[in-house]
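Using the sequences and the accompanying hints, generate a full structural model.
As you go down the protein sequences, you meet chains V and U in turn.
For the first sequence, our numbering gives the first residue as 1, with consecutive numbering after it.
For the second sequence, our numbering gives the first residue as 1, with consecutive numbering after it.
Derived by calculation from the structure, the hints in this document are not laboratory data.
Among the clues, some could well be false.
Copies of the same chain are indistinguishable here, so a pair counts whether it falls within one copy or spans any two.
As the list claims (entries may be wrong) - Each computed SDA-like pair below joins lysine to any residue, with the alpha-carbon atoms no more than 25 Å apart:
no. : residue 1 : residue 2
1   : K154      : Y183
2   : K154      : D189
3   : K154      : V48
4   : K154      : V188
5   : K154      : L192
6   : K154      : H164
7   : K154      : A93
8   : K154      : R190
9   : K154      : L191
10  : K154      : A44
Protein chains: 2
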Amino acid sequence: MDERQRTRRPGGRSARVGAQVHQAVTALISERGYGHFTVGEVAARAGVADSSIYRRWGSLEDLLSEVALARLNAQSPMPDTGSLSGDLHTYAANVAREITGPDGLALVRLAVALTGTGTGQQDRLGRQARDSLRDERTRQLQSMLDRAVERGEKAPAPLDVLDHVLAPMYIRVLFGMELTPGYVDGLVDRLL
Amino acid sequence: MDERQRTRRPGGRSARVGAQVHQAVTALISERGYGHFTVGEVAARAGVADSSIYRRWGSLEDLLSEVALARLNAQSPMPDTGSLSGDLHTYAANVAREITGPDGLALVRLAVALTGTGTGQQDRLGRQARDSLRDERTRQLQSMLDRAVERGEKAPAPLDVLDHVLAPMYIRVLFGMELTPGYVDGLVDRLL
Chain V
1 MDERQRTRRP GGRSARVGAQ VHQAVTALIS ERGYGHFTVG EVAARAGVAD
51 SSIYRRWGSL EDLLSEVALA RLNAQSPMPD TGSLSGDLHT YAANVAREIT
101 GPDGLALVRL AVALTGTGTG QQDRLGRQAR DSLRDERTRQ LQSMLDRAVE
151 RGEKAPAPLD VLDHVLAPMY IRVLFGMELT PGYVDGLVDR LL
Chain U
1 MDERQRTRRP GGRSARVGAQ VHQAVTALIS ERGYGHFTVG EVAARAGVAD
51 SSIYRRWGSL EDLLSEVALA RLNAQSPMPD TGSLSGDLHT YAANVAREIT
101 GPDGLALVRL AVALTGTGTG QQDRLGRQAR DSLRDERTRQ LQSMLDRAVE
151 RGEKAPAPLD VLDHVLAPMY IRVLFGMELT PGYVDGLVDR LL
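Structure below.
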């Protein structure tokens, strides 16, 4: 579809507002960090009304989670290479590239920011948004693993991939260790 | 040693200052979060001169890292049970208890705060402090594993413990998942 068609399609305005709001959130996170801006500031930056944001996203926490999910889906989409080994190696390599890049700790920062320990409404909303982000990525990973099972391959559970492929990579980056391609491939091979 | 002896021993003043400074740092982290207080504020809270802090700790980053290490050593010390399996199960259970408790994400928060992506002096100091904290804990873990080898047991490398026991627990807590004793024991059993 060319640009003219894209801007004409029904829902074009909604998509444009979505993009503006996502862009505003990304800019505010990078300038101030999580927890240091409000829905009103996102709305002002995006040129929309506060009420549009609340109506569409419900809360700042849900908006933050959606922006993070969009980033993950764009930068580490679930591959479909035709084999489980190919899918997991590709996925792990994409995640490794993403988390060793500029602001590679974005997802960890978000999870920390959303994980309040209090019992108030904002802390509850934060934990809910974190959980729904986690659940959505788990569903995507499950689909990739289901395709393997449908092809007759033996697949691990999504949480095994989290525990033994994703978690080590995240913790190594968090503590300043290098991720070599050999190391990343080794994590996948060990799991398979 | 009773309280009277403790306060009389050589180095008693230095130990007292150390404790006051650690307490001040812990309080400021909990009130304001990392990155939102200065050496001057730590000094004022602890009732010592700024210069004493710089002389003893070098930088705020090194002080933060020392406080975190002291907390880790107090709350998840390396066990010495007489067997590798006993040591690793005990260690993993201690870490699990610690990171599921109040402010269990303290170490993750610190690592995120110390991992600046810039090239300025403060970012460099932060990364150095993070690396020296990691290296010190790795040395402690290595000693525990060395004891197993001396007893004739076959031990994993410290980074295998990090990758396949510690990392999954941290990532699960970060994303709001429960750590059951069975799960934690299973991680250790799988590694051994």
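A quick look at each hint next to the structure:
1. Taking the closest pair of Cα atoms, K154 and Y183 come within 25 Å of each other both inside a single copy (23 Å) and across two copies (22 Å).
2. For a Cα distance limit of 25 Å, the shortest separation of K154 from D189 qualifies both inside one copy, at 14 Å, and across copies, at 22 Å.
3. Proximity of K154 and V48 under a CA criterion of 25 Å is satisfied in neither setting, with 49 Å inside one chain copy and 62 Å between copies.
4. In this homomeric assembly, K154 and V188 come within 25 Å of each other (Cα to Cα) both inside a single copy, at 14 Å, and across copies, at 24 Å.
5. Taking the shortest Cα distances, K154 and L192 sit within 25 Å of each other both inside one copy (9 Å) and across copies (23 Å).
6. In this assembly of identical chains, the alpha carbons of K154 and H164 lie at most 25 Å apart whether taken from the same copy (17 Å) or from different copies (21 Å).
7. In the homo-oligomer, the alpha carbons of K154 and A93 lie at most 25 Å apart inside one protomer (21 Å), although the nearest pairing across protomers, at 31 Å, exceeds that limit.
8. Taking the closest pair of Cα atoms, K154 and R190 come within 25 Å of each other both inside a single copy (14 Å) and across two copies (19 Å).
9. With identical chains, the CA atoms of K154 and L191 are at most 25 Å apart both within one copy (12 Å) and between copies (21 Å).
10. Proximity of K154 and A44 under a CA criterion of 25 Å is satisfied in neither setting, with 50 Å inside one chain copy and 61 Å between copies.
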